[in-house]
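These protein sequence lines are chains A and B, in that order. FYI, full-length UniProt numbering numbers position 41 of the first sequence as 41, with every residue one higher than the one before it. FYI, full-length UniProt numbering numbers position 40 of the second sequence as 40, with every residue one higher than the one before it.
Hint data in this document are derived by calculation from the structure and do not stem from the laboratory. Model, not experiment: these values are computed from the prediction. Any given hint might turn out to be false.
Unchecked claim - Here are the simulated lysine-lysine pairs, DSS-like style, with alpha carbons at most 30 Å apart:
(1) A/K49 / B/K95
(2) A/K4 / A/K122
(3) A/K69 / B/K95
(4) A/K4 / B/K101
(5) A/K31 / B/K46
(6) A/K84 / A/K66
(7) A/K122 / A/K84
(8) A/K4 / A/K46
(9) A/K4 / B/K95
(10) B/K46 / A/K84
(11) B/K46 / A/K49
(12) A/K31 / B/K95
(13) A/K112 / A/K4
(14) B/K95 / A/K66
(15) B/K101 / A/K46
(16) A/K112 / B/K95
(17) B/K101 / A/K84
(18) A/K69 / A/K46
(19) A/K84 / A/K46
(20) A/K31 / A/K4
(21) A/K49 / A/K84
(22) A/K69 / A/K49
(23) A/K46 / B/K95
(24) A/K112 / B/K101
Stated by the list, open to error - With the C-beta cut set under 8 Å, the calculated list includes, among others, these residues of chain B facing chain A:
(25) I82
(26) F85
(27) R86
Stated by the list, open to error - Pair ranges (Cβ atoms, derived):
(28) B/Q59 / A/K13: 41 to 47 Å
(29) A/E35 / B/Q49: 25 to 31 Å
(30) B/A32 / A/K4: 29 to 35 Å
(31) A/V83 / B/E65: 50 to 56 Å
(32) B/I50 / A/V83: 37 to 43 Å
(33) A/G67 / B/E83: 27 to 33 Å
(34) A/R3 / B/Q49: 34 to 40 Å
(35) A/E37 / B/Q42: 54 to 60 Å
(36) A/G111 / B/E55: 44 to 50 Å
(37) B/Q49 / A/V80: 53 to 59 Å
(38) A/E104 / B/Q42: 51 to 57 Å
Every residue, glycine too, gets a C-beta built ideally from N, C-alpha and C.
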Amino acid sequence: MERKTQVHAEDGKQEIFITREFDLPLDVLFKAYMEPEIVEQWMGTKVLKLENHPHGSYQFETTDPKGNKHRFNGTIHEFVPEVKITRTFEMENSGFPVQLEFLEFASISEGKSQLRMQMVFKSVADRDRMLQLPFAQGISMAHDRLQEAVQKLHNQ
Amino acid sequence: MELRRDVFQAIADPTRRAIIALVAANAMTPGAIAGNFDSSRQTISKHIQILTECELLRQDQQGREIYYHFNPSKLKTIADFIEPFRELWDDRFNKLEAIMKNQRKF
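Working from the sequences, and respecting the hints, build out all of it.
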């Protein structure tokens, strides 16, 4: 199966590279980063603030299955339409240090474009912890499902 | 390759996955871990031993207590941890692509 999204995280480094090819023209791809209503849809998050210009900031909010709210925010350092976005990213009240993100947009052909995202972390340990989050959440969800199943058995 | 096989065996068991999920959130003593399960303390202790042997858990002695931490850092199989992260972004970008393709029709 073709892997459209690739992630490179070299051992012992404090960065992650994510690359993705889109079947979309460059201007259409970039629009998905500009319009708050569109960001909300594909990021699966509420957009509280999105100021796409240097010194602007953004804040997102997600609600987990248990109803807990999690907020994310950052500051925009560079915003060059169809070329690049440089910004910080922070998970509020998570204990994770701020990370730096470089997003580079490029056209491949008339109908195809590419996004290259570089995330830089405070330390190798912080990067590895961030990479583990979906893994830990995945097993935590498996745990919740397990608990539900056990609960159902008890109730029968 | 030996280590890799052990890790997959270790996380194939639902109780062991549940233990990892608990410890990933907070370092815990064996007693505190066992308190989350209906199984006997001996059974849980056996699971902890397996997870420690394949280095998914790390022991940390604090005074008289032993605390267990989630420890994937020694794994040579970092790819196992990258895959859920990759899928997370793949999923987001697939949505982005689908939404933008739809938008263009209007």
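List of violated hint numbers, smallest to largest: 5, 6, 10, 11, 28, 29, 30, 32
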